[in-house]
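Here is how the chains run, residue by residue.
4 protein chains.
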Amino acid sequence: MTDTIEALVDHACLIVHGPDQRGMVAEVAALITRNKGNIISLDQHSSDPEGGDFFQRVVFHRPNLLAAHPEIEADLDRTLQPFGMKWRMVDMSTRKRMAVLASKSDHCLLDLLWRHRRGELPVSIPMVISNHTSVAEDVRAFGVPFFHVPSQEGPDKSESEAAILKLLAGNVDFVVLARYMQVISNDFLEKVGVPVINIHHSFLPAFIGAAPYRKAKDRGVKLIGATAHYVTEELDEGPIIEQDVVRVTHGETAQDLQRRGADVERAVLSRAVLWHAQDRVIRQHNHTIVFA
Amino acid sequence: MTDTIEALVDHACLIVHGPDQRGMVAEVAALITRNKGNIISLDQHSSDPEGGDFFQRVVFHRPNLLAAHPEIEADLDRTLQPFGMKWRMVDMSTRKRMAVLASKSDHCLLDLLWRHRRGELPVSIPMVISNHTSVAEDVRAFGVPFFHVPSQEGPDKSESEAAILKLLAGNVDFVVLARYMQVISNDFLEKVGVPVINIHHSFLPAFIGAAPYRKAKDRGVKLIGATAHYVTEELDEGPIIEQDVVRVTHGETAQDLQRRGADVERAVLSRAVLWHAQDRVIRQHNHTIVFA
Amino acid sequence: MTDTIEALVDHACLIVHGPDQRGMVAEVAALITRNKGNIISLDQHSSDPEGGDFFQRVVFHRPNLLAAHPEIEADLDRTLQPFGMKWRMVDMSTRKRMAVLASKSDHCLLDLLWRHRRGELPVSIPMVISNHTSVAEDVRAFGVPFFHVPSQEGPDKSESEAAILKLLAGNVDFVVLARYMQVISNDFLEKVGVPVINIHHSFLPAFIGAAPYRKAKDRGVKLIGATAHYVTEELDEGPIIEQDVVRVTHGETAQDLQRRGADVERAVLSRAVLWHAQDRVIRQHNHTIVFA
Amino acid sequence: MTDTIEALVDHACLIVHGPDQRGMVAEVAALITRNKGNIISLDQHSSDPEGGDFFQRVVFHRPNLLAAHPEIEADLDRTLQPFGMKWRMVDMSTRKRMAVLASKSDHCLLDLLWRHRRGELPVSIPMVISNHTSVAEDVRAFGVPFFHVPSQEGPDKSESEAAILKLLAGNVDFVVLARYMQVISNDFLEKVGVPVINIHHSFLPAFIGAAPYRKAKDRGVKLIGATAHYVTEELDEGPIIEQDVVRVTHGETAQDLQRRGADVERAVLSRAVLWHAQDRVIRQHNHTIVFA
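Residue numbers (my numbering), protein chains in the order written: chain R, 116 to 407; chain F, 116 to 407; chain P, 116 to 407; chain S, 116 to 407.
No lab work stands behind these hints, which were simulated from the structure alone. Please note that a few of the clues may not be correct.
Same chains, same label: a pair holds when it works inside one copy or across any pair of copies.
What the hints assert, rightly or not - Below, simulated SDA-like cross-link-like pairs (lysine to any residue); rule was C-alpha separation at most 20 Å, straight line:
| no. | residue 1 | residue 2 |
| --- | --- | --- |
| 1 | K151 | Q373 |
| 2 | K330 | P320 |
| 3 | K330 | D163 |
| 4 | K151 | Q136 |
| 5 | K151 | L123 |
| 6 | K330 | S162 |
| 7 | K151 | E165 |
| 8 | K211 | A145 |
| 9 | K219 | F257 |
| 10 | K272 | P178 |
| 11 | K211 | V264 |
| 12 | K330 | E352 |
| 13 | K219 | E235 |
| 14 | K151 | K330 |
| 15 | K151 | D135 |
Please build the complete structure, drawing on both the sequences and the hints.
In structure tokens form, the structure reads like this:
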């Protein structure tokens with residue numbers, strides 16, 4: 116996992132996917148070689164060797180990558196289109212821009228800001244947006260801009276969402292909901308135009324929706340969990356990126372579960388953000404392939 | 116956890132539960148002392164310090180326990196009834212009799228038999244009943260009687276259940292469904308008259324019902340689990356005794372999940388059986404208190 | 116574990132230990148009852164039922180505890196001395212005062228400060244002392260005093276240790292070394308007069324001493340860990356309070372291990388500090404009994 | 116991990132290693148393609164991008180593999196020798212032959228036999244050798260030959276080792292010490308000529324040598340573990356294949372640790388055996404690269 120914690124000059128990450136067929140690994144390897152690239156790491160996955168989907172992530176080093184980008188892209192088009200393969204190539208010297216939406220809870224937000232400051236997340240953080248002001252001072256102490264967009268009263272959130280969209284527009288590559296306790300409208304999802312990652316405070320698909328720790332206590336489970344997933348139209352049904360759990364006992368109250376769960380939430384979210392930032396996560400229907 | 120792997124002569128396990136109130140721990144401790152018992156271990160739990168339920172498990176040593184049983188019981192009645200507390204006392208020199216119901220899958224069944232042979236489960240196993248004969252030879256190699264009761268065709272299982280009930284009647288203290296793939300009728304549950312423990316091959320309440328590994332694969336979860344619970348009228352809704360999980364990846368098929376999950380199933384079930392056999396599990400509504 | 120995250124008015128925590136003998140649980144329970152206390156929770160441990168040591172932790176509620184303290188203490192002396200038992204009783208309305216010694220690494224320090232601010236650690240933090248100034252601003256942002264005591268050049272640290280001791284004297288109940296990279300002299304340990312908790316960045320007893328992540332990489336282990344322990348005269352040999360591990364692969368560099376391990380270190384240290392602050396940890400020779 | 120649980124006809128596993136240099140992935144991919152192979156999975160590792168070692172494992176499908184073997188091997192020699200790379204290619208339709216050496220403890224041995232019967236281990240088991248006869252009946256019930264070779268009295272084990280070597284000679288591809296409690300002489304290691312895998316009942320490098328559970332209890336650790344490793348001349352110092360741990364408390368005796376640890380031992384050993392059987396483990400000096 117060492118290849119991309121830092122921004123890497125002259126390194127590219129190439130994602131290839133499409134119908135599984137013979138020879139794709141060799142085809143892509145040959146393409147990189149003839150474009151003077153050197154493969155650093157290569158992962159692949161086939162959903163089914165017979166008629167399934169093929170996914171590949173290749174990191175390669177190529178001196179003067181910036182200058183060569185157009186010709187490599189042309190070669191990728193020329194080579195992969197006949198196979199019906201899609202691709203995207205990312206210059207790893209450019210950090211993804213991550214906006215964080217938060218509410219009153221600070222544990223996921225502060226953990227992301229702190230990891231970023233330590234150099235553990237290869238992203239830039241152009242802004243944190245919250246519907247409360249309680250975390251403003253902490254956020255700004257990390258040198259990150261903070262914007263307060265109060266949540267609209269009532270079920271119609273179009274105005275507050277519009278205000279958020281205006282702040283995000285053109286400025287971010289993905290959005291993280293770090294325990295942002297508002298339901299995102301489908302309209303927002305369509306307009307934002309970048310991936311949105313959420314941390315849900317349960318082991319999905321158990322305890323979908325509100326108050327999962329209360330539900331976990333009511334059901335008497337012996338483990339509680341957290342799930343990082345891409346947000347889709349269906350609440351808590353998007354593709355799962357990462358999950359983890361922690362053991363609990365009958366002696367712990369719903370409030371204890373919340374406190375214990377907070378540690379799992381921040382750990383799970385930080386892994387999901389890291390992997391997304393490194394283009395290690397590929398979405399396919401309602402699943403993810405995670406080359407971690 | 117060392118106190119009860121083996122049958123313990125002159126040791127009693129006392130379970131007390133009822134409305135939480137001041138002084139119960141001292142009351143019980145005094146009772147044991149005046150009956151010449153020495154407390155070996157003591158656990159307690161209060162569901163809520165204000166108006167909740169109180170649960171206590173005490174293991175004590177008392178020379179000539181057998182002879183003193185009646186007078187201790189009389190004292191318990193006399194002392195605890197005014198407080199509205201219920202109690203049960205178990206002589207730990209007597210092993211609980213466990214019947215295992217199995218199907219074709221052998222992993223949970225063999226693990227129980229093997230642990231029993233190693234002396235890790237303080238039970239006796241008077242019989243294994245299966246609707247298939249494939250495990251007969253293995254079971255009998257452990258010196259355990261095997262009975263074959265084929266599953267009835269069609270939705271009505273009353274005849275095969277009656278045959279099982281006849282074998283169990285008076286012979287067992289609890290029943291373990293070790294991946295017994297038949298739904299148990301409420302009629303069976305009422306008639307069997309002893310606790311029934313099931314191992315469900317998912318992290319409940321996720322993936323209730325049939326084919327949980329297929330459902331887990333479809334949902335794209337990153338952990339799979341197993342749950343041991345008491346069987347109640349509602350399918351997969353009974354009080355959970357123990358759960359655990361194992362990490363999986365996108366690269367694993369539903370069949371891989373099944374193979375990986377089998378290890379979790381047998382581990383979870385063996386812990387649940389051990390704790391039940393040691394009277395460490397107290398049922399309360401749809402929950403368990405586990406003094407493990 | 117809910118009983119003591121917050122300071123609890125009119126609650127006492129009583130620790131009793133000494134030679135194991137019959138009737139101690141009942142004796143202590145009766146004592147609390149006759150002093151008008153109500154037992155909230157009770158844990159006990161016997162190192163060996165025959166001639167071993169006995170340990171008990173009892174939390175009880177007693178209205179007007181402060182006023183009754185002297186008479187309860189007199190009763191404890193009177194009752195327990197004939198049995199050769201030692202005891203200490205703590206008023207749970209008083210938070211322990213914790214000093215943190217840090218160096219350049221911020222992960223353990225910030226996690227403690229942040230958990231304290233969230234109300235997850237029942238301590239007060241009168242000061243953070245560091246041999247570097249890099250964390251000063253962060254510490255003070257939490258409203259905690261920061262003192263800079265530079266490390267002395269050369270092997271003799273007596274002057275810098277004396278400066279630290281002067282700051283601590285009378286002001287703290289325990290000291291936490293939150294990745295404080297200086298070896299503590301035995302002289303310091305004797306003079307400080309309060310427990311000192313260290314976090315070692317390996318799974319002790321593996322990789323004692325400096326550079327454990329480098330040693331772990333050299334040995335090719337598949338898990339790395341962290342250990343919180345009381346500091347004693349022997350380096351990294353003190354009683355272990357808590358440990359945990361995380362899985363690593365051949366693909367991770369010593370630097371990766373350090374980054375991954377930091378998460379384990381802060382988690383392990385925070386649990387050890389919580390348990391110590393709640394008087395859940397009893398030292399016995401080179402072991403701990405942890406009633407968690 | 117689905118590719119090799121079963122023997123796979125017309126599939127080869129190619130391991131390549133040598134000095135890291137540009138273009139190796141593409142070179143190998145091209146070689147497989149021109150030999151009409153289709154890459155199924157590909158993993159690689161570089162110990163250091165500057166002057167380190169390169170390791171690659173490629174699984175490919177090639178119709179009529181058996182017939183093409185010699186020409187592929189010739190091509191591998193021709194292509195890789197100029198780069199100073201070494202290689203070995205395994206026909207995945209052939210199961211490795213595994214001998215198990217056991218003693219009185221049956222948990223690791225029975226778990227391997229049982230997994231093999233379930234089809235979870237792509238090996239054949241031509242024999243089990245033990246210095247005790249207690250497991251003979253169990254082994255033969257699995258249809259596996261059992262040989263009894265009593266341990267020689269005294270420090271000189273040359274005669275019993277000679278008897279074992281005679282049984283193994285030419286009949287096995289690797290040897291597993293499934294809690295075989297005898298120290299293997301260097302002379303045996305040299306003569307046996309195949310890899311030997313041991314399961315050590317501690318988290319190495321902690322608690323090398325005899326009685327690790329007793330040592331773990333004495334040190335007061337909060338986790339106990341097991342380690343599967345290749346046997347080398349230095350006791351318990353060989354390359355580690357896999358490790359795992361389980362949480363323990365002050366309340367557990369050394370005997371409890373042994374019982375709890377047995378579950379970890381069998382789990383760790385079965386994973387190590389699976390990965391070795393699938394050629395997923397590459398030894399490099401005192402390390403392993405595990406493409407799991």
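Going through the hints against the structure:
1. K151 with Q373: This pair counts as neither: shortest intra-copy Cα distance 52 Å, inter-copy 34 Å.
2. K330 with P320: Classified as both: same-chain Cα gap 13 Å, cross-chain 10 Å, threshold 20 Å.
3. K330 with D163: between (37 Å within a copy, 17 Å between copies)
4. K151 with Q136: between (25 Å within a copy, 13 Å between copies)
5. K151 with L123: Intra 17 Å, inter 36 Å, cutoff 20 Å: intra-copy only.
6. K330 with S162: This pair counts as between: shortest inter-copy Cα distance 16 Å, intra-copy 34 Å.
7. K151 with E165: between (33 Å within a copy, 18 Å between copies)
8. K211 with A145: Classified as neither: same-chain Cα gap 28 Å, cross-chain 34 Å, threshold 20 Å.
9. K219 with F257: Result: close both inside a copy and across copies, 17 Å intra and 17 Å inter.
10. K272 with P178: neither (49 Å within a copy, 50 Å between copies)
11. K211 with V264: neither (23 Å within a copy, 40 Å between copies)
12. K330 with E352: So K330 and E352 pass the 20 Å test inside a copy (18 Å) and across (13 Å) alike.
13. K219 with E235: Between. Shortest inter-copy distance 17 Å satisfies the 20 Å Cα cut-off; intra-copy 24 Å does not.
14. K151 with K330: Close neither inside one copy (56 Å) nor across copies (37 Å); limit 20 Å.
15. K151 with D135: between (26 Å within a copy, 17 Å between copies)
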